[in-house]
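Chemist: Residue strings, one per chain:
Number of protein chains: 2
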Amino acid sequence: MSTKAAPQRETAETLAKKQKQISISEFFAKNRHLLGFDNPRKALLTAIKEMVDNSLDACEDMGTPPDIFVAIEPGGRENRFRITVRDNGPGILKAQVPSVFGKLLYGSKFHGYRQQRGQQGIGVSAAGLYAMLTTGKAVEIKTKTGPRRKAYSCQLRIDTQHNRPDRLGEKDIEWEDVPHGTEVAMELEGTYSRGRHSVDSYLEQTAITNPHAQITYRTPDGEERVFERATTEMPRPTQAIKPHPYGVELGVLLKMVKETKAKQLAEFFQSEFSRVGNKVAQEICLSAKADPKSNPHRLSRGTVDELYHAIQKTKISAPPTDCISPIGDTLLLKSLQKEVEADFYHTVTRSPAVYRGMPFCIEAGIAYGGGLTGDDPARLLRFANRVPLLYQQAGCAVTKATIETAWRNYRLQQSRGAMPVGPMIIVVHMASVWVPFTSESKEAVASYPEIMKEIKLALQECGRKLGTFLRKRRREEDEAKKRSYIEKYIPQIGIALQDILGINDKKRDDACENLKTVLERSRKM
Amino acid sequence: MSTKAAPQRETAETLAKKQKQISISEFFAKNRHLLGFDNPRKALLTAIKEMVDNSLDACEDMGTPPDIFVAIEPGGRENRFRITVRDNGPGILKAQVPSVFGKLLYGSKFHGYRQQRGQQGIGVSAAGLYAMLTTGKAVEIKTKTGPRRKAYSCQLRIDTQHNRPDRLGEKDIEWEDVPHGTEVAMELEGTYSRGRHSVDSYLEQTAITNPHAQITYRTPDGEERVFERATTEMPRPTQAIKPHPYGVELGVLLKMVKETKAKQLAEFFQSEFSRVGNKVAQEICLSAKADPKSNPHRLSRGTVDELYHAIQKTKISAPPTDCISPIGDTLLLKSLQKEVEADFYHTVTRSPAVYRGMPFCIEAGIAYGGGLTGDDPARLLRFANRVPLLYQQAGCAVTKATIETAWRNYRLQQSRGAMPVGPMIIVVHMASVWVPFTSESKEAVASYPEIMKEIKLALQECGRKLGTFLRKRRREEDEAKKRSYIEKYIPQIGIALQDILGINDKKRDDACENLKTVLERSRKM
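Protein sequences appear in the order of chains G and Y.
Residue numbers 1 to 525, in our numbering, belong to the letters of the first sequence in order.
Residue numbers 526 to 1050, in our numbering, belong to the letters of the second sequence in order.
Hint data in this document are derived by calculation from the structure and do not stem from the laboratory.
Any given hint might turn out to be false.
Claimed, not checked - Short, incomplete list of chain G residues facing chain Y, as computed with Cβ under 10 Å:
hint: 1; residue: T14
hint: 2; residue: S23
hint: 3; residue: E26
hint: 4; residue: F69
hint: 5; residue: I72
hint: 6; residue: R77
hint: 7; residue: Q96
hint: 8; residue: P220
hint: 9; residue: G222
hint: 10; residue: S271
hint: 11; residue: Y308
hint: 12; residue: T373
hint: 13; residue: P377
hint: 14; residue: R379
hint: 15; residue: A418
hint: 16; residue: A446
Note that beta-carbon positions come from the ideal geometry of N, C-alpha and C, so glycine has one too.
Modelling step: build the complete structure from the supplied sequences, incorporating the hints.
Modeler: And the structure:
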């Protein structure tokens, strides 16, 4: 038995002594499930996912068809693996390496609005943090920024208390594997297995949505799988866009007027936002009773509040959509046909829509029947900016929208609050300049009403086509059944007729033929 | 039409220019759904929840029965509300006010292991951040640390770019409302409504699990509801505990040996961990082939790795459980009976268990039948450290464990992957020194296997009792049905006998009576 002092009664003074800053690394180390490191199996997948996503982004930034190498090797102890991911991207400048790989919330993608896989500057540093937590080993990095340059190599540790990287053993080296690119390796605690939530499954699904990438994958058993590049055509390069006025909140607007370089209010609107020309800028000012020539830095909080409300009332075009690069319904169909053997396929790419001022685009596809079997709930494949989402299905807007779609209208079974039942795969892809994930681990999409609506519309379109297909198929089955009755019983009638009328075999067969024609005709009327 | 330059082809150099630090406030401002501010309705609830949770924690820290005042008033514009929460806690020192209310990831609760509502140092600052984002207005704070002291009042804004609070208009004031305590007020965009996910529902459920608190609530319509204190007995005060060796990862252990004040390894284990005495410390050292007298600061990474694995192999008692304060099955039953009119109740408080070295305790309760109606899925009420969880039901370990429980064994209907169906309310409470939430908004519990297992065991225990009740009730119903047959047909048989045997009415009635007795007896055998 341990003896303990009675708990202290706290006062403002005693509490003050306990209050202190929490570093972001400490926070995520303690809450590592927020980053997708709940358990060893998921941890292995999450680490590889973050590294591969970064590599794909880097190659696309450079306009180079990605060549990605992924290896998982057994580590120094049981349940430890050494993972390596190498790409042919632009490489990283020496000075940036520590922050990119050793600091949480650091990156190039957060402050813009552009469709990319990474967006928060957390992922790969989090993987390194987890590796360090579970094996104590530092992350190893090699990077090279051009064919005639030397490569740079170093090891990194994260100082969690200060969210600060410590660099060890850095040196310039010769590295011939790639003309330019980056290789990251780390040892971490993990469990390797196959199945739906595995690294294998993640790479297979990644290949579906990234036909321009070549991925070579070496499993812990030493087996090598190559996901061949299906096209050398790169996806349409995406552009960063300025914020759309409808998506900017009052607090952000207050900050923007303070920080703008524009000298006049009307100019401020035109230079800082997308879709605002002179006419719209004047309209907003007029509606807020603000002088278009006034200095934005000197506006009162009240005036900015008026401007904010004026924006909501002014008609402004939807944000540009060339910043979004969907897979496209044709390519999605092809991928689905390649992956799944089925009787029916349909894919849809919706027109871009907007949530909180951010453009996004929903694509959906259905494969039904054929090699797919059974009376199980349909299988749902979810993607965001071409990245497969393997976890947290229940909490995802895609799942909710699928469940809330009335599949009975399309001749499928569905219990209340459940997935439709049938031999079916449903694919949904959200492409956006900013995907609102429900957690830092980016496993599920938040249920913004505009997003839910678009997913439902896409699924309904697929569903209607499926309903038509199923109706037609059922009619054909009925036909076939009736036809089989005709074929079964007419010869018997023929024999009976022959008996009654005493006709010869030829006449009997003619009568049967006639009977068949008449019945077929009547059935069709 | 806007014209645009072709997207730039990035190099290591151009990318480096874009890479920068992201402040934690910026991150959460952009991802405010992570903190529970997805939409105006939820935002109003989340802000009040964070403020009330803080107030309850503060009063309990002081050992004072909480007296909480909550008000929602219409704000300066449509869809804006001014919310105020006042408590009689210990108050906050002047110097601490800006950081506590104006800085994300700052607080007294993160670095200890103790059962409290707050744990991350995010909540109330996040509410202030959201208020500022949507109305541009600063948070107002009044606080007083003792009856004979002056109160302190100020306004705070968060500088998101630097996660830094700016203080405005601070002054010392007279404040007679409370002897000591804190009042926080802010204006934010919100939607007020009633129903399952409302402020009203949150406060009702809070009253169930906090019978020692008095809560006065003024609605936007000016109506005043008082949730009376049911007991002045405070919950057992909880203590902070040291980490348990089983819950410490290699990375943390490496850091602990570096930072300890202990001079010898054996002493290090005894002073830094719970449940480690001299015997266990020696055992760990022996198993890792490390000298118990060696200086912890000078251990090699390899030795610490050996020590880490030695810990896993050494038998160490479970962490102390007096750090946990469950509601208790008796009080939970009372609360349930007070709240819900039903035919059957059962509640369970499990013995504490451990996940990742952290003690926790699961409590569950079921109410069935009576005023509850219908063939809908059972209603699930989830609580963590006495706080009701109103959102993200689908993604919560509690929901998953409920769905994975085989309710058919207890005579309830249940489809695969769905909640059991019936006139039933299920309550689950998790009390722990560290609840692993699936997001910063603390709406759902992460599915650690140990937690899932405990929830299922608690539900199974309730389920078995319910099964027994339902079996008994069904038997009684069958009995009643049979009895009604006897009562219906025996008089007819009497009349028939009278006819056949020509007996008088008295004899007929005697015969009926005999028949009834014989049948009742045979039925019971």
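Chemist: Each of the hints needs a verdict: does it hold here or not?
Modeler: Right, here's what the structure says about each hint:
Interface hint at T14 of chain G: satisfied, since its Cβ lies 8 Å from the closest Cβ of chain Y, which is below the 10 Å cut-off. Hint status for S23 of chain G relative to chain Y: holds, with the closest Cβ pair at about 8 Å, below 10 Å. Contact between E26 of chain G and chain Y, as hinted, is supported at the beta carbon level, the nearest pair being about 8 Å apart and thus within 10 Å. Interface restraint check for F69 of chain G: the shortest CB-CB distance to chain Y comes to about 19 Å, outside 10 Å, so the restraint is violated.
Contact between I72 of chain G and chain Y, as hinted, is not supported at the beta carbon level, the nearest pair being about 20 Å apart and thus beyond 10 Å. This hint holds: R77 of chain G has a C-beta 8 Å from the nearest C-beta of chain Y, less than the 10 Å allowed. For Q96 of chain G, the suggested interface contact is upheld, since its CB lies about 5 Å from the closest CB of chain Y, less than 10 Å. Hint status for P220 of chain G: violated, given a least beta-carbon distance of 21 Å to chain Y, over 10 Å.
Interface restraint check: G222 of chain G against chain Y, minimum CB-CB distance 26 Å, threshold 10 Å, status violated. Given the 10 Å rule on beta carbons, the hint for S271 of chain G is violated: about 13 Å separates it from the nearest Cβ of chain Y. With a least beta-carbon distance of about 8 Å to chain Y, the hint placing Y308 of chain G at the interface is held under the 10 Å criterion. A least Cβ separation of about 17 Å between T373 of chain G and chain Y goes past the 10 Å threshold, and the interface hint is therefore violated.
This hint holds: P377 of chain G has a C-beta 7 Å from the nearest C-beta of chain Y, less than the 10 Å allowed. At about 13 Å, the closest approach between the beta carbon of R379 of chain G and any beta carbon in chain Y exceeds 10 Å, and the interface hint on this residue is violated. Because the smallest distance between the Cβ of A418 of chain G and any Cβ of chain Y comes to about 6 Å, under 10 Å, the interface hint for this residue holds. Among the interface hints, the one on A446 of chain G holds; its C-beta lies about 5 Å from the nearest C-beta in chain Y, closer than the 10 Å criterion.
This entry does not satisfy hints 4, 5, 8, 9, 10, 12 and 14, going by the numbered hints stated previously.
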